[in-house]
Each structure stands twice: as C-alpha cells, then as structure tokens.
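Q: Take a look at the letters that make up each chain.
There are 4 protein chains.
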Amino acid sequence: MLVVMKANVEQHEIDRVCAAIRDMGLDPHPIPGQVRTAIGMTGNTGPVDPGRLAALPGVVELIQVTQPYKLTGREMQPEDSIVRVGDVEFGGPSIAVIAGPCSVETRDQTMTTARCVRERGADVLRGGAYKPRTSPYAFQGLGREGLDILATARAETGMPVVSEVVDVETFGAVEDAVDMFQIGARNMQNYSLLKRAGRSRKPVLLKRSMSATLKEFLLAAEYIMAGGNRDVILCERGIRSFSDFARFTLDLTIVPELKRITHLPVIVDPSHAAGRRELVIPLARAAIAVGADGIIVEVHPEPEKALSDGPQALTPDMFEELMEELRIITPAVRRASRVTA
Amino acid sequence: MLVVMKANVEQHEIDRVCAAIRDMGLDPHPIPGQVRTAIGMTGNTGPVDPGRLAALPGVVELIQVTQPYKLTGREMQPEDSIVRVGDVEFGGPSIAVIAGPCSVETRDQTMTTARCVRERGADVLRGGAYKPRTSPYAFQGLGREGLDILATARAETGMPVVSEVVDVETFGAVEDAVDMFQIGARNMQNYSLLKRAGRSRKPVLLKRSMSATLKEFLLAAEYIMAGGNRDVILCERGIRSFSDFARFTLDLTIVPELKRITHLPVIVDPSHAAGRRELVIPLARAAIAVGADGIIVEVHPEPEKALSDGPQALTPDMFEELMEELRIITPAVRRASRVTA
Amino acid sequence: MLVVMKANVEQHEIDRVCAAIRDMGLDPHPIPGQVRTAIGMTGNTGPVDPGRLAALPGVVELIQVTQPYKLTGREMQPEDSIVRVGDVEFGGPSIAVIAGPCSVETRDQTMTTARCVRERGADVLRGGAYKPRTSPYAFQGLGREGLDILATARAETGMPVVSEVVDVETFGAVEDAVDMFQIGARNMQNYSLLKRAGRSRKPVLLKRSMSATLKEFLLAAEYIMAGGNRDVILCERGIRSFSDFARFTLDLTIVPELKRITHLPVIVDPSHAAGRRELVIPLARAAIAVGADGIIVEVHPEPEKALSDGPQALTPDMFEELMEELRIITPAVRRASRVTA
Amino acid sequence: MLVVMKANVEQHEIDRVCAAIRDMGLDPHPIPGQVRTAIGMTGNTGPVDPGRLAALPGVVELIQVTQPYKLTGREMQPEDSIVRVGDVEFGGPSIAVIAGPCSVETRDQTMTTARCVRERGADVLRGGAYKPRTSPYAFQGLGREGLDILATARAETGMPVVSEVVDVETFGAVEDAVDMFQIGARNMQNYSLLKRAGRSRKPVLLKRSMSATLKEFLLAAEYIMAGGNRDVILCERGIRSFSDFARFTLDLTIVPELKRITHLPVIVDPSHAAGRRELVIPLARAAIAVGADGIIVEVHPEPEKALSDGPQALTPDMFEELMEELRIITPAVRRASRVTA
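Residue numbers (the working numbering), protein chains in the order written: chain W, 1 to 341; chain Z, 1 to 341; chain X, 1 to 341; chain U, 1 to 341.
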C-alpha cells in the first residue's frame with residue numbers, strides 16, 4: 001500500500017499519516033518527491049482496513065502494491081497445480097475436454113449424449129441437475145432425479161461427471177453424486193457457497209462471474225482454498241460488455257494472465273459466452289490456442305428439442321469436427337490432446 | 001416472440017417453423033415483407049423454450065416482443081406499490097432515507113450513529129451484521145452479536161432497521177431481528193436466497209447486481225414475488241463499466257425507467273457506487289432529483305476508524321448538510337421530505 | 001511514476017532501473033519494503049516514454065502517481081474558470097441552459113424553436129448544421145445553409161449559438177458563424193480537430209467520447225488548451241456500458257469528480273444519453289442536482305417530424321416544465337437559475 | 001422495422017401509425033396478436049427517419065428487422081472479398097501477417113525491423129509516421145520524414161507497407177507513400193476521414209473503435225464503400241470493458257460473427273489490445289484459431305528503447321516463435337501459412 005499525499009503537503013499531515021500507519025501495527029516509509037510525497041508501508045495488515053487512511057488530511061490516493069493472493073498466487077507455489085477428476089488431469093501436459101448437455105432432461109437424452117461425447121474423445125461428462133435460471137418461470141432442472149441419471153451415465157461410460165451446486169441445502173447431494181462440482185458465474189461471490197466448497201474433498205470448477213475482475217475471480221478461489229480445498233479449476237465463460245452481438249464477451253486474454261499469476265488450471269466455456277452454436281467451434285479452438293488447460297462445451301443429440309440453451313448446443317457431428325481441429329492445434333501450445341484419432 | 005426468416009426463404013421452411021410453433025401449443029402468424037418474412041406467435045409459452053426455433057432452417061433471429069414481468073410489471077398493476085417498513089412508507093408521497101454504518105462494529109458505534117442519523121432526519125437505520133467481503137481475509141461482520149446490537153438500537157431510537165441476509169442458514173436469525181432484510185448485489189441471482197425471501201413475510205431491499213440488465217433485475221424481483229412476498233424495494237447501487245475513477249458507475253437513468261415499467265419502489269445507494277464520501281452528497285441529491293423514492297447512505301461518527309468502507313461513510317455533519325439539500329430538491333419532484341427542518 | 005519490482009528482486013536489477021531512470025533525465029528514489037522494493041522518480045519526463053522501464057528485468061508494474069493535467073488541472077489554477085459565450089457565463093454563479101433542435105432542418109423549424117426556448121428561459125441556442133451520422137445513408141445536415149439559418153436566429157433572438165464542427169475543412173465556416181463550437185463525442189480523440197480548436201479564439205464545447213476515461217477526456221481538453229485556447233467547456237453525454245435500456249449510460253458521477261480535478265466548467269447532455277424524451281427531464285434535473293454548471297437539451301416544436309433524433313427531443317411544454325423544476329433545484333447546489341419565473 | 005403497440009391498443013391508434021407509415025412512402029402491415037399488435041413495414045426508408053413513429057400514441061417500441069449493410073453485407077455479395085496489398089492477398093486461402101514497429105523512429109530502427117520481420121515470414125510492413133497520441137505532450141511521430149523511411153524500407157525489402165492516416169490534410173502524403181493506409185480506432189467514426197478514404201484507390205485497414213458495436217463497425221466500412229473504395233480490411237483491436245488487467249478486452253468472438261455477416265477480410269491486432277508483449281503471442285495464436293484472415297503485430301529490435309508502446313513490442317525471437325506456432329495452427333482452420341519454414 002502506498003499513500004499518495006497532495007502537492008504542497010504540510011509536515012504535520014505527513015506525521016499524522018505515519019502515526020496512523022504505526023497505530024495499525026505497520027511501518028511507514030515516507031518518500032519525498034519533487035512534486036509530491038508518497039508514504040509506503042510494510043508489515044502485515046491483518047484485519048485492519050488501511051482504507052481509513054484515505055480520510056486523513058492531505059491524502060490524495062491509496063495505491064495497492066502487494067497483491068492479496070496468498071494461496072492462489074504463484075509467489076506461494078511457482079509450479080502448476082494439477083487437479084485430478086477421476087483419472088483425468090487438468091493442468092498437466094494434456095488438455096481436457098468436458099462435454100455434455102446443458103441440462104439433464106431424460107435418461108435417454110443423457111445416455112445418448114454421454115456415449116456420443118465419449119466416443120468422440122470427451123474426458124468428462126457435464127450435465128445440470130439443479131439449474132440457476134434468470135426467470136422463475138423457466139425450467140429449473142430435474143434435481144435429485146437428474147443426479148441419479150448422471151450416476152448411471154458415469155457407471156456405464158466410465159466418465160467422471162461434473163454438475164452444478166446452487167446452494168448449501170442441496171450441496172451434499174450433488175457432492176456425493178459427482179466427481180467435480182461446479183460453482184456457476186452467478187454464485188462466484190456467494191461466499192457461503194464458497195466456504196462450503198472449501199470444506200469439500202472434491203474438486204471445484206469455479207466459473208468467473210460476468211462482472212468479476214481478475215482479482216475478484218482469484219479471491220473467490222482464495223475463499224475455497226482458505227477453507228482447505230486446494231483442488232480448484234478456474235473457468236472463463238464471458239463477461240458483460242457493451243458488445244451486443246453475442247451473449248457475453250469471451251475474455252480470452254485472461255487465460256494467459258491467470259496462468260502467469262496463479263498455479264491453478266484454467267479452462268474456457270465457449271458455449272455460454274457465445275449463445276449460438278456456430279460461434280462455439282471457433283471460440284473453442286481459440287481457447288486452446290490461447291493456452292487454456294481445457295474446455296467445457298455443451299453437446300445435445302437434438303438441440304432443437306433442448307429444454308435449456310438449445311441454440312448453443314453442438315450437434316454430435318460438430319463436436320467431432322471440433323475434436324479433430326483441437327488435435328491439430330495442441331502441438332502449437334506444446335500440449336497433447338488426450339485422445340488419439 | 002417474433003421469428004425473423006432469412007431473405008429469399010422458401011415456403012417449406014416457413015411451414016416447418018409454423019409447425020414447430022404449433023407443436024409448442026402456440027399460434028403462428030406469418031408476416032410476409034418485401035425483403036423478409038417474419039413469423040409472430042401468440043399464446044402462453046409455459047415451460048417450453050422457444051429458443052429451439054433458432055435451430056430450424058431459414059431462421060435468422062428470434063426477437064422477444066412481450067416482456068416477461070408478470071408480477072413486477074405495471075401491466076399487471078398500474079398504480080404504485082407502497083412498501084411499509086415499520087411506520088415508514090416507500091413509494092408514497094414522501095421520500096425515505098435509510099442511514100447508518102456499513103458494519104455494526106460495536107454497541108457504542110452503532111448507538112451513536114443511530115441517534116445521530118435519527119436526530120438529522122433518517123427514517124430507517126441500516127447496519128451490516130453478516131458482511132459479504134471480496135477477500136476471505138477481510139472483516140466478515142459480528143454476526144448474531146451484530147443483530148442484538150441492532151435490536152437495541154431499534155428499541156432505543158424507535159427506528160426500523162434493515163440488515164443484509166447472505167445465506168439461507170442465517171436467514172431466519174436476520175429475518176427475526178429486522179424490519180426489512182437486504183439482498184446484496186452479489187446475491188441478486190442467488191436463486192435459493194431469492195426463493196427463501198419469497199417465503200418471508202417481511203419486506204425485502206433488493207440491490208441490483210453490478211452486471212444486471214434491467215430485465216435481470218426485475219426478474220430477480222419476480223422470483224421473490226412469485227414466491228408470495230409482494231413487498232420488494234429495488235435499489236440501484238452502481239454497475240461495472242470501463243469508467244475507473246469511482247468504484248462503480250451509478251446508473252441513475254434506470255430509476256425513471258424502472259418507475260415506468262414496474263410499480264415497485266426504487267431507491268438508490270450512492271455510497272457503494274461512489275466509494276468516496278465527497279461524491280456521496282452530489283449523487284444522493286441527483287438520486288432524489290431523478291425521481292427515486294429514497295436513498296440508503298452510510299454514516300459513521302468516526303469514518304477513519306471504520307472496519308469496512310470507511311472512505312465512503314459520511315460524517316454526521318455531512319449527513320446533516322445532505323438532509324437540508326434534499327428538503328430543497330423534493331418539491332421539484334412533487335415529493336415531500338418526511339422530516340421538517 | 002512508481003516502478004514496482006518483483007519480490008526477491010536482486011540489487012543489480014534495482015541498479016539497472018535506477019540507471020535507466022537517470023538516462024531519461026530523472027531522479028530515481030528506491031523505496032525498500034518488507035516484501036517488495038518500489039522505485040519512485042521525480043523530474044519532468046518530457047518526450048521520453050517511461051513505459052520502456054516495464055521491459056527491464058525485475059520490473060512488475062509501473063504506477064502513475066503524478067497526474068498529467070498541466071493546464072486543465074486545479075493544481076495549476078485552483079479557482080473555477082468562467083467561460084463566456086456571448087453574454088452567458090458557464091462556470092459562474094448561475095447555471096446555463098443550451099437548448100434547440102438536434103439538426104437545423106428549415107428556417108421555420110429553427111426560428112420557431114429558437115423563440116420557443118428563448119421565451120422559456122434558455123441561454124444559448126443549439127442546432128447542428130454538419131451532422132456526424134453512424135450510417136452513410138442518414139441525413140447529414142444542411143451544411144452552410146444551416147449556418148445561415150442559425151445566424152438569422154441569433155440576430156432575431158439575441159441568443160448566442162453553438163454548432164458542431166466535424167472536420168478541419170469546414171471548421172472556419174462554422175467558427176465564423178457561431179459563438180461557441182462543439183466537438184462531438186466521436187471526434188473527442190480526433191487530434192487534428194483538437195489542435196485546430198486550440199488555434200481558435202472562440203470557446204469550445206468538448207463532449208466526452210462514449211468510451212473515454214476521465215483521464216482521456218481531460219487530456220483531450222489539454223490538447224486544446226496546449227494550443228492556446230483556454231475557453232473549454234466539458235460535457236458528459238453518456239458512456240457505453242452493458243446496460244441496454246437506454247442509448248448510453250449517463251455517468252453523472254464524473255461531474256463532481258471533474259469539478260474536483262479541473263477548473264473548467266462541466267455541463268451535461270441528457271438528450272443523447274437517454275435517447276427517449278421521457279427520460280430527459282429526470283436526467284436534466286439530476287445533472288443540475290449533481291453539480292453541473294449547465295445542461296444542453298434538444299427541443300423540437302414537432303418531434304414526430306424531426307429528421308434526426310426525434311424520439312429524444314422535448315416538446316415546448318416539456319421544456320417549460322423542466323425549466324420550472326430546475327428553478328426549484330438550483331438553490332440546493334448554491335446556484336442561481338439565470339431566469340426569473 | 002416493426003412497430004410494437006401497447007397491450008389493449010385502440011384501433012384509431014393503429015390507424016394513425018399506419019397512416020404515418022404511408023406518409024413515409026412505406027407499406028404498413030398490422031399483425032394482431034393475443035396480447036399485442038405489432039405493425040410491420042416494407043419499402044425503402046430513404047432519408048426519412050422512422051424513429052418519428054416512436055412518438056405516436058400507443059407505440060411501445062420500434063424493432064429493427066432488416067440490417068442496414070448494403071455494400072458490406074453478404075446478402076449483397078455472398079462470396080469472400082479478397083483485398084490485394086502489393087502482391088499479398090487478405091481474405092484468400094492464406095493468412096497474412098503484418099509486422100513492424102509501432103512508430104517509425106529512425107532509419108536504422110525501421111530498416112533493422114523490416115529485414116528482421118521479412119526474414120521471419122512477415123508479409124506486410126507496418127510503421128506509424130503520424131501518431132495519434134492521448135497526451136499532447138507525447139511523441140507525435142516523424143511525419144513526412146517517417147514516410148520517406150518507409151519508402152526506403154519498401155524499396156529495399158520488397159514488402160508492401162501500411163501506415164496510419166490521421167487527417168484529411170496529410171492524407172494524400174500518406175496515401176502516396178503506402179500500399180495500404182490505416183484508419184485507427186479513435187478515427188473509426190471520423191466521417192470526413194472515412195469519406196476521404198472512400199475516394200482513394202488504395203486499400204484501407206479499418207480498425208474497430210474501442211466502443212464500436214458490430215453494427216457501427218460495419219457502417220464505418222459502409223461509409224468507405226459507399227464512397228467507391230471496395231478494398232476494406234476490418235481489424236479487431238480490443239474494446240473497452242470493466243476488465244482492467246490488460247489495456248483492452250480483445251473481442252475475438254467478433255471475428256467469426258463478422259465473417260458470417262460480411263464478405264470483407266477480418267484481421268486482429270493483439271498488440272494494442274494486450275499492451276504487454278507476453279500476452280501478444282497467445283492472443284495472436286487465438287486470433288488465427290478463431291478464423292481471422294491475418295494479424296498485425298508490433299515488433300521492435302530493442303523494445304526497451306521504443307519511443308511509443310515499447311512494452312507491447314515483440315522481440316525478433318518472440319516473433320520467430322510466433323510464426324512457427326501459426327504454421328502449426330493454420331491447417332486447423334483450413335488455411336495455409338504463406339511462408340514455408
């Protein structure tokens with residue numbers, strides 16, 4: 001933290017800020033400049049909010065210098081974390097592909113999709129049983145019945161499964177049924193859910209909120225890790241911007257920036273960002289090319305009959321085409337594609 | 001919903017879309033144009049997702065025509081809703097002012113602030129007992145002890161109190177202790193929390209998420225009302241934009257637009273939007289001038305000692321100045337200020 | 001400028017950065033911290049780009065400390081600038097109201113509007129002769145004929161007039177015909193136009209680009225002032241955000257923040273931000289309440305026949321209502337309304 | 001255009017809208033629905049603004065149906081346009097790479113960079129002679145001297161060159177010196193410049209404004225094409241969003257969406273979007289993977305000495321690495337890399 005003082009600050013104002021810093025148990029370091037004086041501080045801030053310094057006479061601005069990522073940051077752990085979901089590794093030498101329907105709708109639809117994506121090289125099966133929906137009048141998911149269907153799909157195909165948790169009440173049921181649980185974009189700052197996830201022993205797929213800065217995203221992961229669960233996979237899925245031709249603006253730049261700052265695996269969801277299937281394949285290719293550790297995409301055997309997000313679901317043929325293209329791209333990022341052609 | 005077909009569409013493509021609309025239990029209305037054909041549809045969509053139509057050959061775009069606000073919209077209820085919090089009315093002829101500290105920190109701090117804002121004309125006391133914080137290492141609120149302190153403040157000053165709920169687990173405790181509970185911006189799409197709020201008999205202060213469109217904001221209120229609780233107050237508190245000199249971009253334009261579409265009361269929180277106290281007074285004046293039914297502001301007797309958000313808390317003197325300015329402005333919006341000078 | 005070094009930086013890396021700073025003619029000031037070292041620098045940067053320091057080993061980040069507003073900033077001139085347009089003052093004790101049609105369409109329409117807004121208390125007449133339009137197929141303004149009509153309106157009503165300049169070619173013609181020329185949002189970073197404006201002896205109404213940060217906005221004004229023209233009025237007119245119910249998001253928070261940083265007058269254009277007339281009156285009230293030095297609004301005697309932006313033009317009755325409301329609000333901001341009822 | 005009427009609209013209100021549509025020389029088509037009536041219209045709008053309909057009683061909303069891209073749209077020309085710059089094709093079977101320094105600084109720096117990027121496989125040389133800079137105190141380019149240096153580089157290496165035009169005054173000088181001229185993001189809606197570009201016989205590289213919607217971007221290209229110049233290459237270079245870790249948010253989703261709507265070539269500038277060189281390579285890979293027809297990147301032999309944008313310039317070694325990675329990726333998008341290893 002650096003306290004920037006106004007031009008022509010008086011000495012007693014500097015003294016007062018230094019005293020306030022010492023009151024917080026920290027050491028002040030005044031830095032006189034030609035135009036301005038700034039005051040650095042060192043030590044651990046703990047529970048004290050240095051924001052109070054902004055209220056003192058002569059203070060113009062507080063500038064954060066040290067980053068607050070204690071467990072997620074590479075300063076703590078320089079080497080990449082590898083998160084295992086069943087026998088699939090995220091963050092290792094191979095990219096990983098999660099695929100499946102947006103919602104678990106029926107046993108048939110789920111089994112058909114599971115077999116279809118398995119045959120075409122998917123590593124993990126996705127499927128929503130509890131669905132957070134913008135409108136109270138929209139399909140809200142099959143709930144527990146959906147979890148049972150996912151369990152059958154896992155048993156039959158051998159694929160690990162991931163499904164979303166939406167609240168602490170139904171957390172345990174989802175946690176028991178899946179190999180990894182997902183915290184959706186709208187719950188990224190639901191701190192009660194993050195704390196519950198921190199007490200779980202299963203890996204977490206944490207999606208970036210559509211309005212989260214990189215810092216807020218990592219601090220949400222920090223909540224989970226501070227609770228004791230170190231198996232967090234980060235997922236970019238599009239942010240809100242003025243750009244209005246797609247559902248969200250996929251912020252692929254965050255992938256290499258996250259990989260620089262954190263040791264956690266980073267994947268990309270092009271389906272929710274795009275909202276239309278014809279954009280999903282190009283964005284999935286770009287996600288791998290930009291350096292993501294994997295992707296999560298929606299596939300539906302009959303998208304025009306889907307109960308949710310049908311327009312963004314890939315057909316089986318499109319998914320097959322995508323997998324072939326990814327096999328071409330991965331060597332460019334010094335990664336392997338898990339699946340051989 | 002309007003289905004826009006591509007130029008030079010063929011008749012069998014139009015027929016297929018019409019058949020699909022009929023399959024959904026709706027009536028298709030083809031509208032031939034010089035360049036394009038569009039197909040309207042009428043009837044209730046119910047649980048069927050018309051998004052599936054986008055997948056049919058020849059379809060270019062789906063355009064939503066009817067708005068989905070069944071309970072929040074003025075088409076359902078043309079006259080303004082008045083929400084009562086204790087003996088204070090929101091949405092009636094007078095504007096209402098909620099004031100108090102960001103967090104309940106100590107009994108002394110809360111009682112001093114409560115008396116201070118009461119004397120200067122505040123209608124409702126605010127104070128956080130459970131605090132959602134971006135970092136897991138920041139002060140998280142006093143919890144149940146904070147609720148007890150709020151109860152004392154209410155008993156002594158006679159002011160109704162509002163405090164935030166952050167999860168279903170602690171919901172009942174907050175609900176019992178307060179006259180109105182708040183759902184914060186980060187929980188605006190926490191649907192489990194919204195459904196729980198719908199089952200409460202106490203009024204809800206629903207803050208707009210920093211990334212919510214007007215439609216998403218109203219649909220969050222719709223969740224609460226669909227659950228049976230009709231006492232919802234909407235609160236604009238700033239959105240995320242590229243603009244970086246304040247914490248958020250206060251979107252005051254949404255106030256008259258919400259008042260046009262919904263019968264619910266609308267208030268504004270300038271404190272969290274601004275992040276700095278010198279901006280709070282001008283924004284609070286603007287909020288009333290733009291037509292808000294009230295404001296919620298943070299006041300602290302010693303902001304430089306606040307455990308959270310100190311830089312944005314008004315001093316007692318500033319709050320007094322603000323109340324005087326609001327008394328001048330309210331006649332311009334044909335409203336009264338509840339408090340006489 | 002502050003150079004933040006990585007944790008565990010080595011001394012030779014610090015030495016190299018210090019040497020590079022000295023090479024730029026500046027003085028380095030290393031500030032050792034418990035975790036990190038930062039290096040401050042003082043002196044005038046001149047034409048040298050300190051961005052090159054980011055490329056040196058061990059450097060994590062560059063933080064701008066001193067603000068670059070040499071002529072626009074209050075550090076240079078603490079007292080408010082007053083800009084005179086004809087006999088009207090912007091930035092003084094009274095608020096100023098600019099009103100008129102979006103485009104000059106016909107002599108009749110312009111004269112009718114001019115008289116109408118004059119009678120109702122407007123101070124300055126606006127009207128576009130050269131119109132920047134998003135589509136090449138839209139009405140582009142009457143050009144020189146429009147300027148002649150404005151001259152007639154000025155002669156007859158005695159009101160000063162403002163009109164937009166769109167390029168250097170037609171600059172002189174507009175400059176000769178008006179009392180103040182406007183640089184529109186889309187040209188805010190058209191530096192050739194800004195430099196030409198800097199050589200003019202007439203005041204400039206500079207609109208904020210829909211994507212300009214506060215800093216970019218002030219630097220655009222700095223271009224004009226650095227050219228020798230000190231009569232600049234800043235105008236907020238809405239920014240691009242994800243929020244989609246109005247044309248732009250009016251960023252009223254920038255008004256008090258600009259007034260804090262710069263001595264230049266600041267006004268607000270609610271018409272272009274809103275895009276719909278029913279939102280213009282509430283936003284105009286809010287603009288004055290937040291502390292603006294004036295507003296610029298569009299008025300049309302028959303909005304349904306306007307050739308451009310008809311939906312956002314106020315009718316004469318609405319403009320009259322607005323002026324009455326502003327007379328109530330101005331005392332709350334310790335300002336006068338120029339016009340007596 | 002579709003006019004949506006309010007619920008329970010009266011017949012005379014519908015009649016009045018239909019009459020107004022006929023007054024504009026168009027044909028009205030009322031579409032009665034269960035809840036609402038909408039009114040379609042057909043014919044050419046010409047100079048008449050249908051926005052006036054919004055002012056009529058009973059009208060709720062106007063919805064644009066037909067897109068306004070007459071010359072840029074694929075409805076006009078279904079097959080891809082190929083734009084030739086010297087002997088290099090944009091939009092054909094090979095991707096094209098533009099590389100060079102941000103600014104032309106000296107003859108040595110430019111010649112060194114030109115040879116360096118030529119040897120490593122670049123197709124076109126970039127270099128700024130006239131620089132639009134945010135601050136009036138920053139380096140503004142060498143001007144005419146810079147153009148001379150570019151001419152020498154072209155003569156010696158045989159590479160075509162591209163450089164930016166910033167105003168109509170210096171347009172001819174740049175146009176004469178280059179094989180393609182660039183219109184920068186800040187001038188994307190400088191309509192005088194667009195019209196001048198429309199009268200040129202040389203190809204234009206048009207950059208997307210940081211706040212342009214897809215529609216505004218295409219309409220800017222429409223200005224140039226309506227003026228008679230059909231050789232336009234579109235360039236995505238990052239938009240403004242709340243996301244603050246990079247300079248801009250690169251909106252790669254627009255690439256496949258533009259390719260769907262327009263026949264014009266689309267390239268990507270990862271350098272200005274990222275602002276930091278370590279992000280440029282991953283973003284350049286992603287740009288090709290998403291389907292761009294090429295990229296434009298900044299390369300500098302000694303980035304730490306660059307007079308502008310040094311932190312984002314690739315070193316020669318990084319550029320070589322990038323070219324190798326692109327050769328791996330291009331087959332995945334069924335494209336060739338022009339250069340053999």
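Since the hints were made in silico from the structure, they are not lab data.
Hints are supplied without guarantee of correctness; some may be wrong.
In this list, chains with the same sequence are indistinguishable; a pair is considered to hold if it fits within one copy or across any two.
[Claimed, not checked] Here are the simulated lysine-lysine pairs, DSSO-like style, with alpha carbons at most 27 Å apart:
no.: 1; residue 1: 202; residue 2: 305
no.: 2; residue 1: 70; residue 2: 195
no.: 3; residue 1: 195; residue 2: 6
no.: 4; residue 1: 6; residue 2: 202
no.: 5; residue 1: 215; residue 2: 305
no.: 6; residue 1: 6; residue 2: 305
no.: 7; residue 1: 215; residue 2: 202
Q: Does each hint hold? Answer for all of them.
A: Status of each hint after checking the structure:
1. 202 x 305: Intra 33 Å, inter 41 Å, cutoff 27 Å: neither.
2. 70 x 195: Classified as within: same-chain Cα gap 16 Å, cross-chain 35 Å, threshold 27 Å.
3. 195 x 6: neither (41 Å within a copy, 31 Å between copies)
4. 6 x 202: neither (50 Å within a copy, 34 Å between copies)
5. 215 x 305: Only across copies: residue 215 and residue 305 sit 26 Å apart there, 39 Å inside one copy, limit 27 Å.
6. 6 x 305: between (63 Å within a copy, 21 Å between copies)
7. 215 x 202: Classified as within: same-chain Cα gap 24 Å, cross-chain 35 Å, threshold 27 Å.
Comparing the model with each earlier hint shows violations of hints 1, 3 and 4; every other hint is respected.
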